[in-house]
Amino acid sequence: MNLSSSARTDSSAVEPGTGSAALVAESPWATAWRKLRQDRAAIASLIVLGLITLACLLAPLYAQMVSGTDPFTTNLGGSIVVGGESRPILAPSTTGLGLGTTPIGPTGEFGPYLLGADAQGRDVAARLLYGGRNSLFIAASATLICLVLATAIGTVAGFFGGMIDTILSRILDVLWAFPIFLLAISLSIVMLNQTLRIGPVEIGSGSLVLPIFIIGIVYIPYVARPIRGQVKSLMSAEFVIASVGIGASSWRILLKDVLPNVVPRVIVFLPLIMALAMIIESALSYLSIGVQPPNASWGTIIQDGQSLLYSRPLVALAPGIAIAVTVLTLNILGDGVRDAFDPKSSVRIV
Amino acid sequence: MSDDGVILRAERLERTYSVGRTPFPSRRRKLRAVDGVTLDVREGESLGIVGESGCGKSTLARCLIRLDKVSGGHLSFDGRDIAQASSRNLRPLRRQMQMIFQDPAASLNPRRRVGDLLAEPFRIHTDASEGDIARDVRGLLERVGMRPEHAGRFPHEFSGGQKQRIGIARAIALRPRLVVADEPVSALDVSIQAQVINLLDDLRDEFALTYVFIAHDLAVVRQISDRVAVMYLGEIVEIGPSERIFAAPRHPYSAALRAAVPRTRIDTARPDKGLVEGERPSPLDPPSGCKFRSRCPYAQDRCALHRPTLSGGPIEGVACHYPLGAPTDPRAPAGR
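Here the protein sequences come in this chain order: U and G.
Everything in the first sequence is counted per my numbering, starting at 1 for the first residue and increasing by one.
Everything in the second sequence is counted per my numbering, starting at 1 for the first residue and increasing by one.
Each hint should be verified, as a subset may be incorrect.
Subject to a maximum C-alpha distance of 25 angstroms in a straight line, what follows is the list of computed SDA-like cross-link-like pairs (lysine to any residue) [unchecked claim]:
1) G/K69 to U/G229
2) U/K232 to G/R135
3) U/K256 to G/R123
4) U/K232 to G/P110
5) G/K69 to G/S53
6) U/K35 to G/R123
7) U/K256 to G/S53
8) U/K256 to G/R135
9) U/K232 to U/G161
10) G/K69 to U/T166
Quick caveat, the hints were computed from the structure, so don't treat them as lab data.
Predicted model, so just to flag it, every value in this text is computed and none were measured.
Okay, chain U solo, but in the shape it has when bound:
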């Protein structure tokens, strides 16, 4: 051995990266959270989303304290006092052929019918908040179902490989190829006529379970495929082979090496899938497949406002703007989360 013996002494002193500061290091989670906090657009989006959610959660309070009317019952003959004069909620139409009625427009006062009424005399502002509750609830639940199932399927397929992988991948292909609206329309038509019974669970026609499951299942391939690919590449990663080398069982490797590296990717998907789910939910509700009247969602309010587009455009515009703002903030938040958790990733959902 012709190497100098001085090289054998504590060499950590001469190698870089051994500064004395912060010996207990920041975990990857803390790093991601710190990066996210520095992203102003993402934080602004998070705040806007929080405000929207809070407002929607307070819908019953608004209906009771401010609008003072039940947003789910029709109010064809009523009238309210605005600026000292009494105005009917539904006035005879003065435009066009003069047929039918035109609901009251925005009152300009923080009180009943702030955003006017719809064709059945219901308070649009209150319905908007109630509708947001449904829209957000359906989108969030569908996203959770989608991510949980997709992570399970993608991880199992990538972890075990072989026949299991082939079967699961083909199932994903079928799901991928299935037209979402066709699936939704046929399911809902079946369920309008009879209650679907799955074991002890009964799903009726007005149930929110139907749109939740349809949306949740349809986006599984979007998430499961990249997860499967990531798990497959993790399985040949040297640190996984090293874990095999020290005698770790498959479960141990799955729980300690594979899943902790998959979860950040799943979190990146969360806001992006939720944005997609919002749009699909609105579309399904607009097509009367999702939320059933008199219950509201942003999609059904757009449909309600469709016939009033010329006289009271705000009825359709308000929920449209709500959807647009929510989806936009979710996407901005999604970009921020991706940059924070997975800087090298190129996950983009159209």
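Once you have looked at the hints, place chain G on chain U.
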């Protein structure tokens, strides 16, 4: 241990891969990454395996401790046949045979703290309490030249040399008998290489380790190995004491590898210059007979017809029809 002191014995070991995706298995081409390797590793020795990139050294390394499947042949560890053992049956044996990986960054899970990574072998193989494990982990870190406080950090906060020290600490955690080191220093700066090799050398004395040391650099292997096996396209072409192979290689390929070692002095005569011609053939389509013949300056007709076997055996031998320095030295009849 078997009576002759052999801890690991490979006989005609093979690892083949099917290449190409066709629905007909018979039409897939076979890549013989490890093609009939026979070697013995004796307890306490350090066996170096050298060869150029793509010769199957790393595959062989992984096969030897069954981190990869074995396609054919026999492999016994401590007298027990492990060539086809299931991963479940291998698990208890794992504490006796460990691996040090080439890329220290890739072999440490980036999301786990160093202390957690080093505690893992103890958690799997012992019933020790977390307190005892934490103490052992601190001891391990100190033994490989790191500080105990480093246990709380994540792998990315360390330099390449430090990461490799962590990898070494993990490998020796349970006092294994056999350590397979797959190019443990090739990813490191030259200045760090010497420190890590010295560390490996010290640990070998301290824990009575047996090493299988993979490298593409004969100079590195010479420092740490008692014996050297030279690999070419999945086969061992020469095996023997490292000083002898370095001083008087018998296979033309060994001679060529020796010639590739950079020297600090400019020698007036370099008789071994220009020993290898052309490019390494594709392992998918190796030459007939002796695989080295397409690049061997001494190749004869016979080399194309018959594949030479490792004459002399798994302790010291050479797989060449016309080894250098032998009475059948081809340089005389070929007029070179």
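Here is how each hint holds up against the structure:
Distance hint between G/K69 and U/G229 is fulfilled; the C-alpha atoms sit about 22 angstroms from each other, no more than 25 angstroms. A distance of roughly 35 angstroms separates the Cα atoms of U/K232 and G/R135; the hinted pair therefore is violated under the 25 angstroms criterion. A threshold of 25 angstroms between alpha carbons decides the hint, and for U/K256 with G/R123 the separation of about 13 angstroms falls inside it, so the pair holds. For the hint linking U/K232 to G/P110, the alpha-carbon distance of about 17 angstroms falls within 25 angstroms, and the restraint holds.
Taking the CA atoms of G/K69 and G/S53, the gap is about 21 angstroms. The hint holds against a cut of 25 angstroms. For the hint pairing U/K35 with G/R123, the CA-to-CA distance comes to about 34 angstroms; that exceeds 25 angstroms, so the pair is violated. The hinted pair formed by U/K256 and G/S53 fails the criterion: a straight-line CA distance of about 32 angstroms is larger than 25 angstroms. Our distance criterion of 25 angstroms between C-alpha atoms is met by U/K256 and G/R135, whose separation comes to about 22 angstroms.
Our distance criterion of 25 angstroms between C-alpha atoms is met by U/K232 and U/G161, whose separation comes to about 8 angstroms. Of the pairs offered as hints, the one joining G/K69 and U/T166 holds, with about 21 angstroms between alpha carbons and a cut-off of 25 angstroms not exceeded.
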